[in-house]
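**Q** This is what each chain is made of:
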Amino acid sequence: MRCDAAQQAISTAMDEQATLPSDVDEHRRTCPICAQFDAGAWRIREVARFEVAPPVPDMVPAIMAKVRDEEADRLLGWGPAASPLRGWLGWLVDRRAAVLGAATGVLLGLLLTSGGLVPIGMVNTTALASEIPHELVRAASGLDAYQATFDITESNWTKAVPHRTFVASLAFLAPESFRVRVKDSTHYPSGSWPHNDLSLVTDGRTWEASGPDPCPSANLPACPTDGPVTRSIVDRPPFDARAALPSDIIVPMTVLAASNKVVVNGQDTVAGRDAIAVELTYQDATPLFQYLTFLGSWRPFFPQDQVVVWLDKRTWFPLQYKVFPAAGRERSLWATQMGLPSESPYEPVFEATARSLSATPPPAKAFVVRPGAEVVDEGFLDDPLPKGPGSGCPGGSGPIQPCATGGLSLYRSGRFPSSPLRPYSETVLAYASGLAWLTVTRVERWDQPALFGIGPFPETVKMPGRRGIGYYLPATSSEPRRLALHTAKGEFLVETDLPRARLLQAAASIPVRGLAQPVEWRVRRWSGGVVEQGVAQAKFALQRPSYLPPGYERVAVQTAISGKSTGVTFVYRRPAAELDGVGIVLYQASGQDLAPPNSPDELTVMLGPNVGRWSPEGHLLEWMDGRVYRSITGPSFDLATIVRIALSLRGDAR
Amino acid sequence: MREPEPETIRRARAGDLRAFESLVRDYQADVWRFAYHLTHNRALAEDVTQDAFLRAYRGLQSYRGQAKFTSWLLRIVRNCAIDAYRKTRRETPVADQPEPAPRGEHSSTASGAEERARIHDAIRRLPDSLREPFVVIEVLGFTYQETSVILGVRVGTVKSRMHRARAALMLALSDKQEESAGEM
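Those sequence lines, one after another, are chains A and B. The numbers in our numbering rise by one with no breaks, and the one at position 109 of the first sequence is 109. The numbers in our numbering rise by one with no breaks, and the one at position 119 of the second sequence is 119.
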């Protein structure tokens, strides 16, 4: 072997952190010149790479001053082109620092019209972040009417149709009249492609949605053969979650209004209005898309994709929102599985921008519903509104109801008639103000061994004002925030789009005392074992995470004993909304083994000394820790986050 | 060099000056070091750094993530350094005196410090075409692929130049050793 070829190979192996080919290595061992080259090259690397770095000057202030000067130049229109204003602008440019300092407000106005996001350097961001949720609730409560038109663009729906455009018209009249029409303005390759034209309209009591059935994009354009479908509901109870008003597009109540604070990103102008940009993940932003996704075919988004929402600074209506793909390998794998092309995290793949917006009341005829042939009758019967406060409230004598509703007025009252399927009595009182609403359902003669209206793993909460305890669940993508009360006067379920604190406040004003649910509801026995809610008992060392994503808290626990196996489940959720309906579930069990793999997508993951398995489809990480089986599920989280939680497990969880 | 969060870049691209400032803060040291290796002059490296960040701010709109952000940024630095070199060539460039050995060096043996000084001096004397890939790969730790983006040459050229840089350094160091042996 020639020395120059061997030395070239040594050099390349060093830089690529690769092993030397065997023939080169053999040559190096026997050739003193190449051995010297090898040793010398490594010594040079050591000296070059590990030298003590010279001190670096801080250039940030100087650089940013230049950047700001340049930005001001750009905004002031300074440029080489001849212009009668040039002399004046030159004077202004020369004095831009003074102008900037003296006329911040004027220039801020100029900056806002520049089309780019501008930092909120002159605004208290922290205060704004915690103020926005309150402002949203205030805006929602005061909103009687709304009309808007949004221009929508969507990328990468299918390979054949990589770009689609829509126009969505929305109308709202408080408290429950809502209409959205989505007109598909895409140029499709041929007439066989279904247009995603959608419609949803409700006057509160009747509800109807129509559009093409959802269809896997890979099957298109062949999929929808029967034309648009229509779903109609009559005798709808107030604020029925099964036939919901997708009103988060008007004021985002589900997540943003219920948060303690939001992530403020910057300021801008949209449709000529001053706007604040806030940022959230797609998993938290799904309610913003529900006015589109109730029917039809749409592209998928990854839970960690970033959604930036521009809120009108005056009315707090969303003016624009954009979805930016998340970065990282897991997102790329997901995109491949979904048949999506490679997507840059810097380019939006979905945009909705308000073309027009007003609070002018739409005509009542806009909400007329003409139910189609297939109608579902929900069977709710309206009753006259009770007059005056309910019994138990000062001066009250009517049916039991909250004594304080925070400014919301009673607007509907009714019941579901008893039937063999519903042998109990169920009455509903609905309160509303603008977009804000609250319902109180009372059930008497309840015959089921579980809390009414509440799914598994509710959080037990102490009611304000020593009103006993209640059982709380955050909002999901299909259910509002809700609280169940088990009382001597029946079961109560309070549901609302208001934040959790307002829900607890209203529920605590119902003149009843929340009792602990009966032991037999909490403990379920069957021939194979027993499940007990609210306890964490095991004969092995339970662990708990020392890291959880921001906002997550332990809300529920359950022990299941079956034969030789004991399993303990901890549930972690955020208090305002957990749109996947799950949150984070940590399960630990003795007497169980890791099941055989059942999907080619499963990945092996090292968890310290243990080997784990990640199932992307179920967002499930599982591993054996000695003789203990542990698993973590988090439908909204990527592998990196779940692994971080797993690696943070420590000590005893009691 | 660690890559910034995509969100920071996106915000900076959208005109968020705070996001851009955080990029400047995070990368000013690496940018300055690269500029210093290219110019051998602290003041000139400072000018190059400022100019490079200003150009990066103007050019962010065109950055689409097709290359790593750090590669893209260092390519700008290199272009700024070339411009600065062309300008200073007309204005009589003045290289700094070699940096005095940092304090920690005093604890090393005298021969170790001398060897380091010799190596640094040899690196400084490399022609630009060899010193650039050497600094990018050996000092800043980039790969061949990333270096090819930064320098705007093919990967094969980077490999070849890197080898030639090493060979030239070995030769220079062996000559020096002979010189110092002859002086004794």
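Read the hints as simulated data drawn from the structure, not as lab findings. Ideal Cβ positions, reconstructed from N, Cα and C, are used throughout, including at glycine. One thing to keep in mind: the hints can contain errors.
Unchecked claim - Cut-off 35 Å, straight-line C-alpha distance, at most; resulting in silico cross-link-like pairs (DSBU-like, lysine-lysine):
#, chain 1, residue 1, chain 2, residue 2
1, B, 68, A, 66
2, B, 159, A, 322
3, A, 462, A, 539
4, A, 159, B, 159
5, A, 261, A, 539
6, B, 159, A, 261
7, A, 261, A, 322
8, A, 261, A, 66
9, A, 322, A, 183
Said to hold, decoys possible - Pair by pair, the computed Cβ-Cβ distance ranges are:
#, chain 1, residue 1, chain 2, residue 2, range
10, B, 127, A, 69, 31 to 39 Å
11, A, 314, B, 154, 33 to 41 Å
12, B, 25, A, 13, 45 to 53 Å
13, A, 593, B, 156, 39 to 47 Å
14, B, 154, A, 188, 39 to 47 Å
15, A, 189, B, 156, 53 to 61 Å
16, B, 25, A, 563, 53 to 61 Å
17, B, 154, A, 347, 25 to 33 Å
18, A, 13, B, 82, 27 to 35 Å
**Q** Against the structure shown, which of the earlier numbered hints fail to hold, in ascending order?
**A** 2, 4, 5, 6, 11, 12, 13, 15
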